[in-house]
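Using the hints, position chains C and E against chain U.
Given next are the chains, with one letter for each unit.
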Amino acid sequence: MAHVSIPMYWRTIPQRYSLVGYKCKKCGSVNFPPKGVCKYCSASSEFEEVKLSGRGKVHTFVLISAGGAPPEFAEQEKAGGQYPVAIVQLEEGPKVIGQIADINPKDVKIDMPVTTELRKIYTEEGVIRYGFKFVPAGK
Amino acid sequence: MKKVAIVGAGQSRYGEFPEKGIKELFFEAYSDMSKSVDKNFDPKAIEAAYIGNLGSGGFQLGNMSALVAEYVGLSYIPTMRIENACASGGYALVAAIMDVLSGTHKVALAGGVEKMTDVSGLKQKYWLGVSGDTEYERLAGTTFAGLYALIAHRHMHEFGTKREQLSMVAVKNHKNGAQNPKAQFQREITLEQAVKSPIVAYPLNLFDCCSTTDGASAVLVCDEEVAKKYTDTPIYVAGFGTSSDYLAIHDRVNTTTLEGTRKASERAYSMAGLGPNDIQAAEVHDCFTIAELLAYEDLGFCKKGEAGKFLEEGHTQIGGDKPVNASGGLKSKGHPIGSTGTGQAYEMFNQLRGTVQKPARQVKGAEIGLIHNVGGSGGTVEVTIMRR
Amino acid sequence: MAIGISGYGVYIPKLRIKKEDYAKAWGSFSAAGVSEKSVMGFDEDVLTAAAKVSRRALESVPIGPEKVTRFALASTTPPYVEKVLSGTVMVSVGIPNQTLSSDHTSSTRAGTEAMLSAFEHVQANPKGVALVAVADAPIASMWDSFEHALGAGAAAYVLSSENIVAELEGHASYASEYFGERFKPRDESLIHDLNVKKFSESSVITNTTKAGNALLKKLGRKPEEYQHVVIQQPDARVPTTVGSRMQFTEHQLAAGMTSKVLGDLGAASTPVSLAAALDDAKPGDRIMVISYGSGSGSDALSFKVVGDRKAAPRFQAEADQKEYIDYIKYLKLKGAIL
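Protein chains in written order, with the working numbering: chain U, 0 to 138; chain C, 116 to 503; chain E, 12 to 349.
To be clear, the hints were calculated from the coordinates, so they are not data collected in a lab.
Some hints here could point you the wrong way.
Short derived list, chain U residues pointing at chain C, Cβ under 7 Å [claimed, not checked]: (1) I63; (2) G66; (3) P70; (4) V95; (5) I96; (6) G97.
Straight-line Cα separation of at most 25 Å, SDA-like style, residue types lysine to any residue; simulated pairs [what the hints assert, rightly or not]: (7) U:K50 <-> E:A323; (8) C:K277 <-> U:I109; (9) U:K77 <-> E:A347; (10) E:K29 <-> U:A78; (11) C:K238 <-> U:A73; (12) C:K277 <-> U:V107; (13) U:K77 <-> E:I336; (14) U:K77 <-> E:K333; (15) E:K340 <-> U:A78; (16) C:K221 <-> C:P193; (17) U:K105 <-> E:L344; (18) U:K105 <-> E:Y338; (19) C:K277 <-> U:M111; (20) U:K108 <-> C:T372; (21) U:K22 <-> E:E77; (22) C:K238 <-> U:G80; (23) U:K77 <-> E:K340; (24) E:K25 <-> U:A73; (25) E:K321 <-> U:A136; (26) E:K78 <-> U:R54; (27) C:K238 <-> U:R128; (28) E:K94 <-> U:I12; (29) E:K29 <-> U:G79; (30) E:K94 <-> U:W9; (31) E:K345 <-> U:R128; (32) U:K105 <-> C:K311; (33) E:K343 <-> U:Q81.
We put the CB at the ideal spot given by N, CA and C, even for glycine.
Isolated chain U, as found in the complex (with noise of 0.2 Å):
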C-alpha cells in the first residue's frame, strides 16, 4: 500500500512547510527534494540549507479528474471538482511537483508565474498533513 506513515511525513517538513533547499557546496546548484549526492555534479554530499523563495514558472500541469485522484485526494475532488497538479521551475532552479490553489483550472497555464502557501494537503489517521501548494503568484 502506499501509506505515507506519520515518521516519513514529519522527516520532509523542512521542505514541505517552509521550502528548504540544499545547496551543493562544490557546484552551487541547489537540490529541492534534497538527494544523498548531488544530483548536478555528482561529486558532493556536502549542502548548505538555503530558503528557497517559493517562486517559480508552471512547466507543464494536468488536471487531475474523478477517478485521477489518489485515495487520499479523492474527498477533495469530489468537493471541490477538478484540481490542478502541477511540475513547476523554480527561481532558484529545482523543478517541483505540487497542486495549484486558489484558481479555476481552466485559468491554469504553462509559462504563468507562482508563489507558494502552506495549505492542507490531505488528512489520514485524523492527522492533517499540511504543506506547500503553488497560488497564482501577484495578488
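Showing chains C and E alone in chain U's frame:
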C-alpha cells in the same frame, strides 16, 4: 559470446477472471508455453525461474515465486520474484537471459503474473500508486494517469502534439487487439469515441489509459547449444538493455524524454549490432497513449517531437514500415503489470515465427523485433531485441 | 515606554455565499444585517490562514520571522482540540522554535486575549517582538439558524515598542458567569446555542459595556473622542446595540463593520475589524476595540494612531476579491453532507 534462444512462449488470456488467482493464471500461461515447444518439452530441464510481479494486491508479497513455481510442478529449483513495477516482466526476462549467458543454467523460465481485479477500487488505487515517487508525486494528488498527463501536456506544448494524435494510438491498438483472441478488449473504437471519452487527468481521457487486468505469461529461455533439441525455429536474443531514471518526473532534466528508454535501447542496439532502422516489428509500453509516442522517439524510430506525425503517416500500423503493438498493446490487450514484459516476448516470439493466431495481425516476414517495457513513469526500462 | 501595533495583516478567504442562497435553501436567512459571508476553501483551515496573515503582518513592518520573541495564536475552530497548534504556524513562517507560544481557543474573546497576553510580553521585554495571529471559521449544525452568520477570516499583528503605527493607550477586561449561549460540550465539534435570546443579549451587553466603560473611565475619555470603534460582531446588529448603550454612533462603527459582508468571524471578528479601521484611520485618530466571548467575558483596548503606514493588501482589497459559491458547494466544503 554465448547466444541465448527462446524456444517456447505462452500467455494466459488477459482480462478479468474472478475464478482465477495468480497460481491458476500462471498455470494457464505455463501450460500454453509448454504446448508451444515444438519437441521434447521436459519440465525437469527447467533449472531456474524468474517471475515478474508487482504484488498482486498485496496478498502474497513474500515468496510468491516459490508458490507459482511449485503450483505448476517446478519444485526445488532456484526461483526469484523480480519487481520493477510495470517493467517487472521485462526484467524477469533479462534475469533469465543473464542467467543462461553466465553459464549458470542451460534452461531458465521467465514469467510474470498479476492479479489486479480481486481488490476493491479504493485498495487498487492504494497499491497501484506504490510505483511512482510516493513522497512528492503521489502526495501532490496524482496517480499514473496524472504523471503521464504532465508529460503529455509538456509534449503538446513543446512539439505541438495534438489531442487527436493521442487518440489515434488508442484507435490503432484497439484495431490490432480486436484480432487478438487473448486480449482483454477485442473490439475496435472510433477516433470520435476516443477523443470524446471522459477526462481522467486532462489532457488524458479514459481511452488514453490502459485498464487493470488479470493475466500471466511464460517464456522458455535456453542456451543456443540446447535450443535445437526443442525446436528447429528458435528465436534468438540479439541484444538487451535496461536502465533506471530519476523516479520523480520533476527530477528529470527533460520532461518529454524517457531517458531510461534511450539508455536501455542504446545498450540493446549496441549489443545486437543493430539500429532502430533494422527493427521490423515492435511491442512498446503503451500504458497511456502518450507513452507509445514517447517510445517512437526514445527508441529512435522517429525524431524527438515527431511521433504524432510519424503515427499519422501510418508507419506504425500493421503493413507500415515499423509496425508497433500488433498485439493490441497494453491499451487493448491489457496490462497485468508483472506479466506485461514477458507477454510482449510471447507476442514477438510468435510474430517472428509467423505463428500469431489470426493472420490479420501477423507482421509479414518480420525477422527482427524489439520489445520495450517501462516501469512506472520511466523509473525502470527494459528493451530486448529478438531475431529469427 | 510606548508599545503598540508595529505591523498588521489581514486575510479573507475568497469564497462567498450570498444570503439569497441561504434563503433559497431554508426559506429565510437569520443573520441580521449580513448580506454575504466568507467561506474557507477545502484545503484551508485556521492554521493555514494564520500562517498566511502572519507573513503579511511581518512584511508590513517589515521584520523577519527570526526576530519574533513571542507568538500567540487564537481561534475557536482549531483543527485539533488537543495538540500544540502554534507549532504548525511557527515552523511554516520561520519563527524560532525557542519563542514562547500560546494557543487561545475557548471563546470568541480569544483574539483580544492573545493580543493582550502578547502586549504583556512586550511591556515586560522592551526589545521583544510579539506576533499575534487570529484566524477563525466557526462551525455549527446546518439545522441551527445561528449557523447562517458564520464566516471566515484572519488577521495578525506585530506588537513591539518600535515602528509603532498605533500605540496601545490602555485596556480593561471584564469576565462573568453566563451559560447556554454559544458553547461546545466536551464531545462536540459544533457550536451549540440554547437560544435564550434576552438572557444571551444581557450577557453581551453587560460584559462589553462593563469592559468598555471601565476603559473610558481609566483613560478619562468620552465616547466621542474615538474616530473608530470596533465591537464583536456575531452579526451586524449586535455592535449597533452595544454601541448605542455606550453612546457610540453608527459613524464611529462604520469602518469596522466587517460582518455586513463577511459574517461572524468568531475570534477574528475584532482583530479583522481593527485592521479595517487601521486602514481607514489617520494619525491622531483613536480606536476603541471591544471583544466578547460567550460564557462570558470582554476585553477593551484603546489605540492612538501614530503612523500612516498601511499593510498590504488592504482589508477592502481582500473583501473585494471574491468568488461566489452556491449552497450545495457550501455544504460540501463545510463537510455537512455525510
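Evaluated hints:
1. For U:I63, the interface hint holds, since its Cβ comes within 7 Å of a Cβ in chain C; the closest pair sits about 5 Å apart.
2. About 5 Å separates the beta-carbon of U:G66 from the nearest beta-carbon of chain C, less than 7 Å, and the hint is met.
3. Taken as an interface hint, U:P70 checks out: its beta carbon lies about 5 Å from the nearest beta carbon of chain C, inside 7 Å.
4. Hint on U:V95 holds. Least Cβ distance to chain C is approximately 5 Å, under the 7 Å limit.
5. For U:I96, the interface hint holds, the least distance from its beta-carbon to any beta-carbon of chain C being 5 Å, beneath 7 Å.
6. Residue-level restraint check for U:G97 holds (minimum Cβ-Cβ distance to chain C is 5 Å; threshold 7 Å).
7. For the hint linking U:K50 to E:A323, the alpha-carbon distance of about 23 Å falls within 25 Å, and the restraint holds.
8. Of the supplied pair hints, the one linking C:K277 and U:I109 holds, its CA atoms being roughly 16 Å apart against a limit of 25 Å.
9. Distance restraint check for U:K77 and E:A347: the Cα-Cα separation of roughly 13 Å lies within the 25 Å cut-off, and the hinted pair is therefore satisfied.
10. A C-alpha spacing of about 19 Å is found between E:K29 and U:A78, which places the hinted pair at or below 25 Å, so the restraint holds.
11. For the given pair, C:K238 sits about 13 Å from U:A73 by alpha-carbon distance, which is consistent with the 25 Å threshold.
12. Among the hinted pairs, C:K277 with U:V107 is consistent with the structure: their alpha-carbon atoms are about 19 Å apart, no more than 25 Å.
13. Straight-line distance between C-alpha atoms of U:K77 and E:I336 comes to about 15 Å, which keeps the hinted pair within the 25 Å bound.
14. A hinted pair counts as satisfied when its Cα atoms are at most 25 Å apart, and U:K77 with E:K333 qualifies at roughly 22 Å.
15. Between the alpha carbons of E:K340 and U:A78 the distance comes to roughly 7 Å, so the proposed pair stays at or under 25 Å and holds.
16. Pair hint C:K221 plus C:P193 holds up; C-alpha atoms about 13 Å apart against a cutoff of 25 Å.
17. Between U:K105 and E:L344, the direct Cα distance comes to roughly 21 Å. Compliance with the 25 Å bound is thereby established for this hinted pair.
18. Among the hinted pairs, U:K105 with E:Y338 is consistent with the structure: their alpha-carbon atoms are about 22 Å apart, no more than 25 Å.
19. With a C-alpha separation of about 21 Å, the suggested pairing of C:K277 with U:M111 holds against the 25 Å cut-off.
20. Proposed proximity of U:K108 and C:T372 is supported: the alpha carbons are some 21 Å apart, at most 25 Å.
21. A hinted pair counts as satisfied when its Cα atoms are at most 25 Å apart, and U:K22 with E:E77 qualifies at roughly 21 Å.
22. Between C:K238 and U:G80 the alpha-carbon distance is near 22 Å, which keeps this suggested pair within the 25 Å criterion.
23. Distance restraint check for U:K77 and E:K340: the Cα-Cα separation of roughly 10 Å lies within the 25 Å cut-off, and the hinted pair is therefore satisfied.
24. Proximity of E:K25 to U:A73 is assessed by CA-CA distance (about 23 Å); at most 25 Å being required, the pair is judged to hold.
25. For the given pair, E:K321 sits about 21 Å from U:A136 by alpha-carbon distance, which is consistent with the 25 Å threshold.
26. With a C-alpha separation of about 24 Å, the suggested pairing of E:K78 with U:R54 holds against the 25 Å cut-off.
27. Between the alpha carbons of C:K238 and U:R128 the distance comes to roughly 20 Å, so the proposed pair stays at or under 25 Å and holds.
28. For the proposed pair E:K94 and U:I12, the alpha carbon gap of about 17 Å is at most 25 Å, so the pair holds.
29. Simply put, E:K29 and U:G79 have alpha-carbon atoms about 19 Å apart, close enough for the 25 Å limit, and the pair holds.
30. Of the supplied pair hints, the one linking E:K94 and U:W9 holds, its CA atoms being roughly 15 Å apart against a limit of 25 Å.
31. A C-alpha spacing of about 18 Å is found between E:K345 and U:R128, which places the hinted pair at or below 25 Å, so the restraint holds.
32. A hinted pair counts as satisfied when its Cα atoms are at most 25 Å apart, and U:K105 with C:K311 qualifies at roughly 18 Å.
33. The suggested pairing of E:K343 with U:Q81 holds, with an alpha-carbon distance near 14 Å, which does not exceed 25 Å.
In summary, the structure agrees with every hint in the numbered list given earlier.
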